[in-house]
Amino acid sequence: MPSQDRLLILWQHVSDHLRQNVGPDAFSRWFSSTRLLNASDSGVTITVPDSIHHLWIEENYLSALRQAFTLVLGESPPVSLTVDDQPPREAPTPRDSSTPREDRNLPDDPASSRQDQEPDLPAVAGLTADRTFDSFVVGASNQFAHAAAHAVATSPGRAYNPLFFYGGSGLGKTHLMQAIGWHIASRRPKTRVVYITSEEFTNLFIQALQTNSIVRFRKRFRQADVLLIDDIHFLAGKERSQEEFFHTFNALLDGHKQIVLSSDRPPGEIKDLETRLVTRFEWGHTAELTPPDEETRVAILRKKAESLSVDVPADIISWLAGRIRSNVRRLHGAFIRIASWISLNGPLSISQAEDLLRDLLRQEAENGISIDKIQKLAAKEFDIRLADMVSRKRTAAIAFARQAAMHLTREMTGLSYHEIGEAFGGRDHGTVMHACRTVEKRMKADENVRLRITSLETGLRRNL
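If you're matching positions, the sequence shown starts at 41 in this note's numbering and goes up one per residue.
Rather than coming from a laboratory, the hints here were simulated on the basis of the structure.
Quantities reported herein were computed from a predicted structural model and do not represent experimental measurements.
Check before you lean on any hint, since a few could be wrong.
Stated by the list, open to error - List of simulated lysine to aspartate or glutamate pairs, DMTMM-like, C-alpha gap at most 20 Å:
{"hint": "1", "residue 1": "K484", "residue 2": "D468"}
{"hint": "2", "residue 1": "K278", "residue 2": "E239"}
{"hint": "3", "residue 1": "K416", "residue 2": "E497"}
{"hint": "4", "residue 1": "K259", "residue 2": "E283"}
{"hint": "5", "residue 1": "K278", "residue 2": "E314"}
{"hint": "6", "residue 1": "K484", "residue 2": "E334"}
{"hint": "7", "residue 1": "K413", "residue 2": "D428"}
{"hint": "8", "residue 1": "K230", "residue 2": "D81"}
{"hint": "9", "residue 1": "K481", "residue 2": "E335"}
{"hint": "10", "residue 1": "K484", "residue 2": "E451"}
{"hint": "11", "residue 1": "K413", "residue 2": "E497"}
{"hint": "12", "residue 1": "K311", "residue 2": "D355"}
{"hint": "13", "residue 1": "K343", "residue 2": "D355"}
{"hint": "14", "residue 1": "K311", "residue 2": "E328"}
{"hint": "15", "residue 1": "K343", "residue 2": "D170"}
{"hint": "16", "residue 1": "K259", "residue 2": "D294"}
{"hint": "17", "residue 1": "K278", "residue 2": "D304"}
{"hint": "18", "residue 1": "K413", "residue 2": "D423"}
{"hint": "19", "residue 1": "K278", "residue 2": "E309"}
{"hint": "20", "residue 1": "K413", "residue 2": "E451"}
Go ahead and model the full structure; you've got the sequences and the hints to work with.
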């Protein structure tokens, strides 16, 4: 383990780059109370003063941290954050770039020392401490994937090998993968668990080719007992990286080692991925994660509030769960912003929350499911003309199709009643509210209506 002096010097270098990247204000706000706890072949660990810092840095600055370490060390190490209740050391201060920097080329720099040795793979590499099964909220959108993950964590190398998660960004794939890693490592301490993204795998492979260290690269991954590769679709179109991973995959599977992969789509839908890899990815078990329903979103927010020890009013939690629907990552980001406000300023109203999250709510509306898609699919399902979605016709068939589309828009976008009304021919706030209530009542009273609306929602989510 590096000495404290070396850790301080390394953190000084990293902080210089980080400050330039994120700006002095953001650095002062979020990194002034952080310190480098450890740096080794398994990655680096940074301590933060509280849970809010942990979540905010993880959501907003993790890539900037990795970039800063890459500039200093020459490679991108796994970065872990941990909450430390010990008094932090004084944060690194800016240095004049014109001042001579003899310590830039330290003889015992971690990057150079790594090149001179080939250590055995660490027991756990790349895992983030708070991504466990205990912190994962199970709902209808992820219960099948959660069950598969738990089965693999209980019997690695036997059940579902490989296990392949797929689904949109921010739905919990990474969380489940890392939960598998932590569960195995906590119960089988000698098991070697490695988590890495396929982009990092590719970058390390290129670096190994450039530095003539391919043997060491292969040893690093083929020694693993459990290999967790995130965003495997990044390998698409990269022939040499695919070739290398193909042999790594075979070596691990032949040794009865567990492999877990994730992607934004099923194996067969990843373009420019070799057929032999697609076939192998489909050997085991695939599990889809979809956006959580409102009940699950509320549970996620309550659990997050509990973990942060922040008292967020129930009406704010309910409102937020109703406005951010597309993915859990954006929901977390919005909640952290609200929690930070409450911690610094005290209670806030829904009106203040709307102002605070205006950019995220707009992104939710723009990047999620569009009204156009909802109107087109609903018009097709109910066999009416698309123009009737915005017309003044009030026949029963047209009116209910329009109401169903309004209900789905309210459920699946971040738009307000007023914004929805404008998109449906300039109807007012009250008309949209009435439409949503009508559809909800019909769904409760008529199973066929419920199935029809649910089918529409499923179709829209699959086309995200």
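How the hints compare with the structure:
| no. | hint | verdict |
| --- | --- | --- |
| 1 | K484 with D468 | violated, 25 Å |
| 2 | K278 with E239 | holds, 11 Å |
| 3 | K416 with E497 | holds, 13 Å |
| 4 | K259 with E283 | holds, 16 Å |
| 5 | K278 with E314 | holds, 10 Å |
| 6 | K484 with E334 | holds, 16 Å |
| 7 | K413 with D428 | holds, 15 Å |
| 8 | K230 with D81 | holds, 17 Å |
| 9 | K481 with E335 | holds, 18 Å |
| 10 | K484 with E451 | holds, 16 Å |
| 11 | K413 with E497 | holds, 11 Å |
| 12 | K311 with D355 | violated, 44 Å |
| 13 | K343 with D355 | holds, 15 Å |
| 14 | K311 with E328 | holds, 18 Å |
| 15 | K343 with D170 | holds, 12 Å |
| 16 | K259 with D294 | holds, 15 Å |
| 17 | K278 with D304 | holds, 17 Å |
| 18 | K413 with D423 | holds, 15 Å |
| 19 | K278 with E309 | holds, 16 Å |
| 20 | K413 with E451 | holds, 14 Å |
Violated hints for the displayed structure, listed by number in ascending order: 1 and 12.
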